[in-house]
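Listed here are the chains, written in short residue letters.
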Amino acid sequence: MLLNFDRLGGWKWILLGITGLTSAFLILPIVFIAALSFGSSQWLIFPPPGWTLKWYAMFFADPRWLEAAGTSFYIAAIVTVLSVLIGLVASFGLVHGRFIGKEGLRALFLTPMILPVVVLAVALYAFFLRIGLNGTVTGFVIAHLVVALPFSILSITNALEGFDKSIEDAAVLCGASPLEAKLRITLPSISHGLFSAAVFSFLTSWDEVVLAIFMASPTLQTLPVKIWATLRQDLTPVIAAASTLLIVVTIALMLLVALLRKGLKS
Amino acid sequence: MSFLQIRALRKDYGIVTAVRDVNLTVERGEFMTFLGPSGSGKSTTLYILAGFENPTAGDILLDGESLISTPSHKRNIGMVFQRYTLFPHLSVGENIAFPLKVRRLPKAEIDAKVKKMLKLVRLEGFEDRKPAQMSGGQQQRVALARALAYDPPVLLMDEPLSALDKKLREEIQHEIRRIHQETEVTILYVTHDQEEALRLSDRIAVFSRGVIDQIGTGPELYANPATRFVAEFVGDSDFVDCRILSAQNGRADISIGSSLTIRGVPMHGGGAAGGMAALMLRPERLSLARGSVGEGTANLAATVTDIAFLGSNIHVAAAAETGEALSVRLPFGHEAASSLARGDMVSLGFDPASAHVFSA
Amino acid sequence: MVLLTERDSPPPAARLRLVRPMNFALTVPALLLLVVFFILPVLSLLLRSVMEPEPGLGNYAALLGSTTYLKIFLNTFVVSALVTVVTLAIGFPVAWALAIMPSRLSSIVFAILLLSMWTNLLTRTYAWMVLLQRTGVINKTLMGLGLISEPLPLVNNLTGVTIGMTYIMLPFIILPLYGVIRKIDPAILQAAALCGATRWQALTRVLIPLAAPGMVSGALMVFVMSLGYFVTPALLGGTANMMLAELIAQFVQSLVNWGMGGAAALVLLVVTLTLYAIQLRLFGTARMEGR
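Residue numbers (this note's numbering), protein chains in the order written: chain A, 1 to 266; chain B, 1 to 360; chain C, 1 to 291.
Just so you know, the hints here were simulated from the structure itself, not pulled from any lab data. Take these hints with a grain of salt, some might be off.
[What the hints assert, rightly or not] Think about it this way: if two alpha-carbon atoms lie no more than 25 Å apart in a straight line, the pair counts; the simulated SDA-like pairs of lysine to any residue are:
{"id": "1", "chain 1": "A", "residue 1": "K182", "chain 2": "B", "residue 2": "G14"}
{"id": "2", "chain 1": "B", "residue 1": "K167", "chain 2": "B", "residue 2": "P153"}
{"id": "3", "chain 1": "A", "residue 1": "K12", "chain 2": "C", "residue 2": "L88"}
{"id": "4", "chain 1": "A", "residue 1": "K165", "chain 2": "B", "residue 2": "K115"}
{"id": "5", "chain 1": "B", "residue 1": "K115", "chain 2": "B", "residue 2": "R20"}
{"id": "6", "chain 1": "A", "residue 1": "K182", "chain 2": "C", "residue 2": "P29"}
{"id": "7", "chain 1": "A", "residue 1": "K102", "chain 2": "B", "residue 2": "G14"}
{"id": "8", "chain 1": "A", "residue 1": "K165", "chain 2": "B", "residue 2": "H174"}
[To be verified] Chain C regions said to be covered by chain A (calculated; three or more residues, Cβ under 8 Å):
{"id": "9", "segment": "33 to 47"}
{"id": "10", "segment": "90 to 96"}
{"id": "11", "segment": "149 to 158"}
[Unchecked claim] Every beta carbon over 10 Å from chain B, so not counted as near; a handful from chain A, in silico:
{"id": "12", "residue": "G17"}
{"id": "13", "residue": "P49"}
{"id": "14", "residue": "L85"}
{"id": "15", "residue": "L110"}
{"id": "16", "residue": "L133"}
{"id": "17", "residue": "T136"}
{"id": "18", "residue": "S166"}
{"id": "19", "residue": "D169"}
{"id": "20", "residue": "L173"}
{"id": "21", "residue": "C174"}
{"id": "22", "residue": "G175"}
{"id": "23", "residue": "A176"}
{"id": "24", "residue": "S177"}
From a predicted model like this one, the values you see are computed outputs, not experimental measurements. For glycine and all other residues, C-beta sits at the position ideal for the given N, C-alpha and C.
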């Protein structure tokens, strides 16, 4: 009875109530920020005394914001490409390979996911100080690649394990060389895994704060670093405008993923 | 010279031997089935033919040339797998065209061939469907079309119907027979289903524990099983313990229990007088009469333990005096069966020449 | 000689031969990246904790001997424990409701969960800074309702950190718990009812025990993630209740004390990896994400 929604009786309303409140708790901050970004109050008073677009104007007028966004995108794009490529090759080794310690290696590849990022950030900061990679795009890319790669490997190994290897065998018997079979049959069949590897890698880099704070220099900042630095001074509504733009990007990405899922199904 | 020859094939996995001493010749256009239970080595043999495995020893000759050192994708062999192995991202037409595209044939030729293959498997108009939009039976037909598209000299089929339900299985068995006749391709077919093997094949090789027990046509295997395993696996059979009284020229005189003696039963596996053996009886070759044992030699006394009506025939289960379970298949309307009840004493008669003795 | 039995398809070994044995070499690029830019830097940081300023365990003595630092350790545990308990208390009923509610309704809740999870971490934290400030919506509303006369201090203290962290961790407990509850066969609870169990008994003796592995695993995950969290505590917490991750960053950035930074990092690592090992031992797999 407890797992039948219609036969829960009064408990149904309790569960629905908690779920409704939790949903409100989860969505309201996002809604408020979007609303306040159009509010005229410098102190983010709610309800706003009037409506304005000036915070957006200030965001787009400041080259440092745009530059930071551009840097974020540039780094995230490089990280995505490298993460998917290295992840794909490693996943083939992990799923179709046979060697001692394979399972251990797989667990090792996922450890950057469980380790507190601050430890990695401090350690890499020390290392990069020595070899002069702090404040460089290369340093950013390497740092983000370390935390993005586990997501890539996880998505692609999952997809590869769900792919029936007999299909690749069939392609080879049809006359395709082993490499050709991989490129023309296996890769398209695991494209959903490659796609989610790409999305996760991109978002990991695009949203990453902690590593970025340590890697950044006054001349090279990503968007999260810029927001972080601004936040430490005051809560200016320009951040609300920037945040709203980020939320729009997030929603667009979610819709894209949902659409592609639907496309894959039909 | 035979079209396809398998010579002294052996496959070891470490200390485990999956296949040993497999010798087989197949003629052009023949439908040959490897029949056996799981782990009997039939699939391993097929996979060695496909080139997915290297044999530990032995050779495979196709038209007189060894295949062993040719990689899978250059063997030009067709194969239909146990699972549906259609390329999920390609349409039906593209699936069939795939082997032709990798062979870099001109487009017009590919299109014509795809049309022809779709016609062969009776799926005209399905070109643009994706595999996910088709039933299991349709998918296996497309797989068949894809495997035949490049006119391979040999088609391998690894339990292609095991994922389908019974009715669909029979339908596609029909299709396979028709396509075999139309294309005259040589087929090597693996199955553990004796009915499927009997229905489809020209000849059957019965695999047991990594070796071939017997090769022959269905009727040969049924009428003259070389081993007890073949007798058990092809057709229904029951066994009664017996003792060999004398044996010569492939015939034996045997005794069952203390009183019954049967003369001139075909014997397999060579047993000496005095040794123990098993007498094989087929349910459909037994006759049933009411009452106690008559005066003939080939008559077994038994007690009816169960009667089941199965439509066109009636299945009577009985226990022999010596304890073995026997079954008898009688046509519907058989007079002795009509009033039969559990616990009745009956006598089961058979022609000694149709029974078989396998020495223990 | 041993003969194979019970094997339908060719042995696993067979499936690999066709397309050249893919081997260890393919994992080398990923492995190199990990060793050079992950394992070695972390090890070298830990090494510095016993080498700087002079060889020995001086840093650890200083770290564990000072009440200031012990207070930070304690605070880290208290916040993490608090966040874990709150997320579990909210997460279980929500996951339960999600598992059984009509899909039209649950898909809305899922969309909200995913949107919240995918929104930039700083954006979410910023939103709470704005909402919780003295002149923020929450204080304004409460005062407007006449419930309070003075604005409540909601930010730069334990309350702020707990609210912000709970917000971020909720999806990480709801989603796995949802999966666990979805897998429970409703017939088991029907059977419990037919056996005479009241709703309450069915809940406490059947549903909760069946969901317990998911609850423990999710709670462990949230706890471990909270221990190492940096951004949210740094922005929503006050100087009086600093957490461990912030301390590590401060040692390195402001104080340039690599020895102490390394020592604090080791403490965090040891606790994290121990809990992770427990998780692995208990449940076989674990998915965590730290920020």
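Here is what the structure says about each hint:
Only pairs whose Cα atoms come within 25 Å are accepted, and A:K182 paired with B:G14 is rejected, the gap being roughly 29 Å. Straight-line distance between C-alpha atoms of B:K167 and B:P153 comes to about 30 Å, which puts the hinted pair past the 25 Å bound. Proximity of A:K12 to C:L88 is assessed by CA-CA distance (about 19 Å); at most 25 Å being required, the pair is judged to hold. Of the pairs offered as hints, the one joining A:K165 and B:K115 is violated, with about 28 Å between alpha carbons and a cut-off of 25 Å exceeded.
Taken as a hint, the B:K115 and B:R20 pair is broken in the structure, with Cα atoms around 43 Å apart against an allowance of 25 Å. The hinted pair formed by A:K182 and C:P29 meets the criterion: a straight-line CA distance of about 20 Å does not exceed 25 Å. Distance check on the hinted pair: A:K102 and B:G14 sit about 21 Å apart at the alpha-carbon level, within 25 Å; holds. Proposed proximity of A:K165 and B:H174 is contradicted: the alpha carbons are some 29 Å apart, above 25 Å.
With 9 residues having a Cβ less than 8 Å from any Cβ of chain A, the segment 33 to 47 of chain C passes the three-residue criterion, so the hint holds. Chain A is given as covering the segment 90 to 96 of chain C, and this holds because 4 residues of the stretch bring a CB closer than 8 Å to a CB of that chain, at least three being needed. With 0 residues carrying a beta carbon less than 8 Å from a beta carbon of chain A, the segment 149 to 158 of chain C misses the three-residue requirement, and the given coverage is violated. The claim that A:G17 is not at the interface with chain B holds, since no C-beta of that chain comes within 10 Å of its own (minimum 41 Å).
With a cut of 10 Å on Cβ distances, A:P49 stays outside the contact zone with chain B, its closest approach being about 56 Å. Listed as a non-interface residue, A:L85 keeps its Cβ farther than 10 Å from every Cβ of chain B; the least gap is roughly 21 Å. Every Cβ of chain B is farther than 10 Å from the Cβ of A:L110; the closest lies at roughly 28 Å, confirming the non-interface assignment. No beta-carbon of chain B comes within 10 Å of the beta-carbon of A:L133; the shortest separation is about 41 Å.
At roughly 40 Å, the least C-beta separation between A:T136 and chain B is larger than 10 Å, which holds for a residue marked as non-interface. Interface exclusion of A:S166 from chain B breaks down, the closest Cβ pair being 5 Å apart, not more than 10 Å. At roughly 6 Å, the least C-beta separation between A:D169 and chain B is not larger than 10 Å, which violates its mark as non-interface. With a least beta-carbon separation of about 5 Å from chain B, A:L173 fails to lie farther than 10 Å from that chain, contradicting its non-interface assignment.
With a cut of 10 Å on Cβ distances, A:C174 falls inside the contact zone with chain B, its closest approach being about 4 Å. A beta-carbon of chain B comes within 10 Å of the beta-carbon of A:G175; the shortest separation is about 5 Å. Remark: the non-interface label on A:A176 conflicts with the geometry, its nearest Cβ contact in chain B lying 5 Å away (cut-off 10 Å). For A:S177, the shortest C-beta to C-beta distance to chain B comes to about 6 Å, within the 10 Å cut-off, and the non-interface label is violated.
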